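Participant: Protein chains in written order, with full-length UniProt numbering: chain A, 1 to 383; chain B, 1 to 383.
Source of the hints: derived by calculation from the structure; they are not laboratory data.
Calculated cross-link-like contacts (lysine-lysine; reagent style DSS-like; alpha-carbon spacing at most 30 Å):
hint : chain 1 : residue 1 : chain 2 : residue 2
1    : A       : K332      : B       : K120
2    : B       : K81       : B       : K60
3    : A       : K197      : A       : K7
4    : B       : K332      : A       : K120
5    : A       : K60       : A       : K7
6    : A       : K197      : A       : K266
7    : A       : K81       : A       : K60
8    : A       : K332      : B       : K81
9    : A       : K120      : A       : K60
10   : A       : K81       : B       : K332
11   : A       : K60       : A       : K197
12   : B       : K7        : B       : K60
Just so we're clear, the structure is a prediction, and the values are computed from it rather than from any experiment.
Protein chains: 2
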Amino acid sequence: MSVTAAKGFRAAGIAAGIKQNGAPDLALVVNDGPRRAAAAVFTANRVKAAPVLWSEQVMKSGQVSAVVLNSGGANACTGPKGFQDTHATAEKAGEVLGRGAIEVAVCSTGLIGTLLPMDKVLPGIETAAAQLSEHGGEKAAIAIKTTDTVHKTSVVSGGGWTVGAMAKGAGMLAPGLATMLVVITTDADVDDATLDKALRAATRVTFDRVDSDGCMSTNDTVLLLSSGASGITPEYDAFADAVRQVCADLGRQLIGDAEGASKDIKVEVVNAASEEDAVEVGRSIARNNLLKCAIHGEDPNWGRVLSAIGTTGAVFEPDRLGVAINGVWVCKNGSVGEDRDLVDMRYREVHIVADLAAGAETATIWTNDLTADYVHENSAYSS
Amino acid sequence: MSVTAAKGFRAAGIAAGIKQNGAPDLALVVNDGPRRAAAAVFTANRVKAAPVLWSEQVMKSGQVSAVVLNSGGANACTGPKGFQDTHATAEKAGEVLGRGAIEVAVCSTGLIGTLLPMDKVLPGIETAAAQLSEHGGEKAAIAIKTTDTVHKTSVVSGGGWTVGAMAKGAGMLAPGLATMLVVITTDADVDDATLDKALRAATRVTFDRVDSDGCMSTNDTVLLLSSGASGITPEYDAFADAVRQVCADLGRQLIGDAEGASKDIKVEVVNAASEEDAVEVGRSIARNNLLKCAIHGEDPNWGRVLSAIGTTGAVFEPDRLGVAINGVWVCKNGSVGEDRDLVDMRYREVHIVADLAAGAETATIWTNDLTADYVHENSAYSS
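This is chain A alone, in the form it adopts within the complex (with noise of 0.2 Å):
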């Protein structure tokens, strides 16, 4: 159901000629209200693409309308041409849909470096306003897909009212957020600066936690829209779980389709001193490559995990350090622990959990292995 799940909402995905192959490569998403109300989050990555520049500048009215998105192109470090080019469809979609540009955010994905072929991008608009559909949320899932195998989408229903969301990404996944784009609907009567809040709350532990190969993009966005289209206004903490939980269930998608990988590996840290400690450990575990590559090998090997620990700067004693994978404490008090022959690594998802022994804070990762697969697909052809 996608973006569509929630009343207020249409949505197309069409194939526009951007990618040369014929697949689908641009999705609307409509929200015909009657509230009109946005949050977003953009990456963090210092090097923005065009349409993100753009979208900053939509969401300061804290409005948004429409939402075109292309794959097949990432419109990033293209110049002022580049940014033109964004200018230019969200004003064409505009045109189409009858509201102002500025009420149109942008997102694109797909190669940094290259010009959008505008020739086909504009039409494309047109093409695909004239297919939205309130059952359309599925093609457009489908047409902002790159190097993803599958489509992601993700609802949760409250009393009334329901949220609904679809995500790409593939590759290039890491904290701040991961790279993708994400558009998550809801007909749930909430302002903007409520909107706000919810996802912020949401992106800092699920998204901002997915770590696949340590690599920020330069198009990262994740917009959350409200039609008000049931009415219902929920309380704060029920809104906010569904958001959080739509936002952790595409995050747990976006890792099960990491480029190459053969293993989702979640790394918990527990019984830290703080918060960021358990997510500055968690995070140079999850980036190690050694133990990714140990990992994709079914090797427990937690002389890996300490070895990244101790590259850290959280509160911790070495000799108090203490690994499990999947269940078996292999490294206990900073030494050899659990006979290691224990550990069953043949399932795709794998479980680490490092305990610091240095407070009562807890934080997830999630990340995947490190494979030749990887290697190959982003070696054999520019992506």
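Keeping the supplied structure of chain A fixed, place chain B upon it in accordance with the hints.
Facilitator: Frame of chain A; chain B shown alone:
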């Protein structure tokens, strides 16, 4: 000539049986004086192997008479027993050589988290001592190899004095220091404070700027020993330059032998506002898995360079950034530059220049590409 190029040193390298395949695995380096001054730099990893903890104690006196090095086991994360084993190693070498154990530095390399077979190590020290020779430097260099495909040595001579060295390292190479063991010897008559100053100045711009895979070891050790046997005390600048040359030479050899690598990549950051900015940006580029895959595929994907720069806190304006790959400015003013088809990437060495257009400082970081062979080498067996 290795560590015996300088007068006043003897060395040996033997197969003690620590490695199950019977390859050389134990080296001994002895300083016969008259001086026994020494300096050392150790890993910045907070999880330090037993031999590092021991050698840090040894260095408090600034005197080192001998170094015992073994491959086949890192003796890291091995608890109190591991430290006792290192201590017993130093005691045994001291006894055999007629020196105090506290003057014997110990270095170990290999798998983390397993105890050394002391029934092989201790007799091995006796065997090695019996084979000590002024021509034993090559054998010592061979005995410290782990996944190295070649042994690494370097020699620079001044006016009547010499600096010679051996190194091991092929993976887990990351700043602070690169993962490796290095023993540098000199017959220049230099005190421990001067050795320390020259060594730190050298490692800061050489080993600390080698970043193979972003992973920092628990065992890194660089030792610089002076016998004073030439009777000559060189000018500081000439001596420091010789030490720097040897470290730069070995650092380049480490990258040239990095696990699975097919490309050696020189990342040169220019026109930075500060040297710290240049180093931060260089490391960010050198650690970007997507870029390292692209270089493997001979793809001059400058967008990935800009993405990496964008994650740093360095001073720059996105629309003034420039990137040259093998002499072709593929990115100018943060956007498309010269034709990327002009870039010739057939050769092993690849030169990336990142121009921050923010000042006059520069720094160079060496790294290598990310390959399926790297994944295989680090997943097919525990290492």
